[in-house]
Amino acid sequence: MNHSSLTVAIGTDHAGFPLKQPIIDLLESMGHSVLDFGCNSSEACDYPDFIRPAAESVPQGKADCAIVLGGSGNGEAIVANKVPGVRCGLCWDEWSAEMTKVHNHANCISIGARPVPEALALKIVRIWLEATAEMGGRHQRRVEKIEA
2 MNHSSLTVAI GTDHAGFPLK QPIIDLLESM GHSVLDFGCN SSEACDYPDF IRPAAESVPQ
62 GKADCAIVLG GSGNGEAIVA NKVPGVRCGL CWDEWSAEMT KVHNHANCIS IGARPVPEAL
122 ALKIVRIWLE ATAEMGGRHQ RRVEKIEA
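Counted from 1, the sequence shown has number 17 at position 16 by our numbering; the numbering is strictly sequential.
Estimated spans, in silico, between C-beta atoms of each pair:
1. Gly32 <-> His140: 24 to 32 Å
2. Asn75 <-> Gly138: 24 to 32 Å
3. Arg115 <-> Leu36: 21 to 29 Å
4. Asp47 <-> Ala149: 30 to 38 Å
5. Pro60 <-> Lys146: 13 to 21 Å
6. Lys63 <-> Asn41: 15 to 23 Å
7. Gln141 <-> Arg115: 30 to 38 Å
SDA-like mimics (lysine to any residue), calculated; alpha carbons at most 20 Å apart, straight line:
8. Lys83 <-> Pro54
9. Lys124 <-> Trp96
10. Lys63 <-> Ser34
11. Lys83 <-> Asp50
12. Lys124 <-> Pro23
13. Lys63 <-> Pro85
14. Lys124 <-> Glu29
15. Lys63 <-> Lys83
16. Lys83 <-> Gln61
17. Lys146 <-> His104
18. Lys146 <-> Met100
19. Lys63 <-> Asn82
20. Lys83 <-> Pro49
21. Lys83 <-> Glu145
22. Lys63 <-> Arg88
23. Lys83 <-> Ala149
24. Lys124 <-> Glu99
25. Lys124 <-> Glu95
26. Lys63 <-> Arg53
Simulated from the structure, these hints should not be mistaken for lab results. Positions of the beta carbon are idealized from the N, C-alpha and C atoms, including for glycine.
Can you build the whole structure from these sequences, using the hints too?
Have a look at this one:
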């Protein structure tokens, strides 16, 4: 991913909704554009309706990467990882954000809004975007096996 200016897709359910606007604000302050796939309130909804289109925008070439949000982030990561060409890592701290990019070449991350406070979620997003995937060697070989 080019770190200069990215198009970042974002999708959330009602539980992740409180993190959506702060993350959008961060992304825009970093010079990135955002494709917002919803949801747009804290009213209960079905997360696949918003997560799948956000994730699909990456292999479709509409977005460079995606961020999906939910209560735990687990269901959202599962939905995103069902999309061919998407590698979504569940991030809960700074280390997990860095490693999912460096080792797994993740082009999508999932964050759970219930266990991850807003300030930490913003750090996770920044660290993931600024990390560089290790190309070649064992991590490249493993990513190729994931994609096979």
